[in-house]
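What follows is the residue order along each chain.
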Amino acid sequence: MDFSVVWEYLPMLLQGAWVTLWITVVSLAIGLAVAIPLALARLAKNPLISSPAYVFVLYFRGTPLLVQIFLIYYGSGQFRLELTDLGLWGFFRDPWFCGVLALVLNTAAYSAEIFRGAISAVPRNDIEAGRACGMSGLLLFRRITMPKAFRIGLPAYGNEVIFLLQATSLVSTITILDLTGISRQLISKTFAVYEFYLTAAAMYLVMTYALVYLFRVWEKRMSGHLQERVANEPR
Amino acid sequence: MLDLHGYGWLLFDGLQLTIAVGLCAMVVAVLLGLLGSWGKLTHNRWANLAANIYTTVVRGVPELILLLLVYFGTPTLIQSIATRMGYDIRVDINPFIAGTITIGFIYGAFATEVLRGAFQSIHKGQVEAARAIGMPRLKVFHRILLPQALRFALPGLGNVWMVLIKATALISIIQLDELMRKTKIASNATHEPFTFYLLASFIYLGITLVSMMAQKRAEVWANKGVTR
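Protein chains in written order, with my numbering: chain X, 1 to 235; chain B, 1 to 228.
It cannot be assumed that every hint is accurate.
[Stated by the list, open to error] Listed next, the stretches of chain B that the computed footprint assigns to chain X, with coverage defined by at least 3 CB atoms under 8 Å from CB atoms of chain X:
1) 60-72
2) 169-181
3) 189-199
4) 204-218
[Claimed, not checked] Ranges between beta-carbon positions, derived for each pair:
5) B/MET212 with X/ILE49: 19 to 27 Å
6) X/PHE3 with B/ASN48: 23 to 31 Å
7) X/LEU154 with B/ASN48: 22 to 30 Å
[Stated by the list, open to error] Heads up, incomplete: computed chain B residues facing chain X, CB under 7 Å, no partners named:
8) THR76
9) LEU77
10) LYS166
Derived from the structure by calculation, the hints contain no laboratory data. All residues carry an ideal CB built from backbone N, CA and C; glycine is no exception.
Generate coordinates for the entire structure from the input sequences, incorporating the hints supplied.
This is the structure we're talking about:
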């Protein structure tokens, strides 16, 4: 084992790690914005609204992410002429757009399911109390339902964030040079196979557990008042 | 309506291999899960440490990296060790075995957590009672612990299976001719990638739906002796 070659290319690996984080954050932000309306649509009483949302969630949770990425990136090529006419070919030709789009749709489906569960787990009493104070509609949702649901869903959402971070490694299959992509490229140049993969694995490990830690801190801040209190010291 | 240009059977061949890899990997995962949950629950400190490192590392690294590491990394590692010892050998890993072992190894970590929780939810008194009647430890395990733990673990293991079968799509990257790779071959030959990837996604969706139904039936079967 010779890790000096890894040391030599460390700046490139760090740049790859930066790309990985960037893709994760962008996909999460857009995915969250899609997930909340989607969760509400899933909960809607009107089947015309809830069933398309159900099908969307079922499809993106029931098929592998790799297929979704290939379907968007390679599949769009089949409609090149139509997409060019619409002026959209520029987007679908770009691996970044396709990669992020697939990740956004995928994480939106998983997060929507988490928030649907969280919203329906908000105690009825809280909502009734809110109504009794004269709140309704959007105000009730913004002040009572959403903050409570967010606390309930946060641990599960933290897991989803970690899954997404690791899932971003799949965009390396469509030529994006994230941490996995850059490792594969450097390996084909230097033939130091396990050195680079082990280093990349260690970097993913650090990023994952940094995120786990951040979410634990955040959870404590959000719902510290619900934690079991440590018994007072005997006086 | 849907013209597959005669490539439909190719996908069917791939599907068979996907299911074969998935089932073999699931067996590996459950066995590793049993071993791992023993490691987590036993009083041996070294076993605790090994099991904790296993689940921590595997769940913190993407499947793709682990797969590439096993498939491309292990032969190079063995070769470079052999070269240092004065031998010149070439090691090739069969992609089926590499895929099965890697996927099984990864989801073994998830199965470990599921089974650990299941074993923990069995009341300690039952083990003590069985020991008191004179059953040896192994008999306690297969008569008392395992049947009950599997019932508790069924929903969790069902989830592990559904994530695992989707993860087998990654094995196409190490050139195993499973569903994903056959799809790629078909879409390259016909220049209709959308048709074929969409079809492949529906096949995976079909596997998921069938698994969901099977899981529901298995849970009903496993809980038939339980009153609510």
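Checked hints:
Counting residues of the segment 60-72 of chain B whose CB falls under 8 Å from any CB of chain X gives 10; the rule of at least 3 is met. For the segment 169-181 of chain B, the proposed coverage by chain X is satisfied: 5 residues have a C-beta within less than 8 Å of a C-beta in that chain, meeting the threshold of three. Proximity of the segment 189-199 of chain B to chain X, defined as three or more residues with a beta carbon under 8 Å from a beta carbon of that chain, is established by the 7 residues found. Counting residues of the segment 204-218 of chain B whose beta carbon lies closer than 8 Å to any beta carbon of chain X gives 4, which meets the minimum of three for the stated coverage.
For B/MET212 and X/ILE49, the Cβ-Cβ distance of about 23 Å falls inside the hinted range of 19 to 27 Å, so the restraint holds. A hinted range of 23 to 31 Å holds for the C-beta pair X/PHE3 and B/ASN48, which are about 30 Å apart. In this structure the supplied range 22 to 30 Å holds for X/LEU154 paired with B/ASN48, their Cβ-Cβ distance being about 29 Å. Interface hint at B/THR76: satisfied, since its Cβ lies 4 Å from the closest Cβ of chain X, which is below the 7 Å cut-off.
Proximity of B/LEU77 to chain X holds as hinted, the smallest CB-CB distance being about 5 Å (cut-off 7 Å). About 4 Å separates the beta-carbon of B/LYS166 from the nearest beta-carbon of chain X, less than 7 Å, and the hint is met.
In summary, the structure agrees with every hint in the numbered list given earlier.
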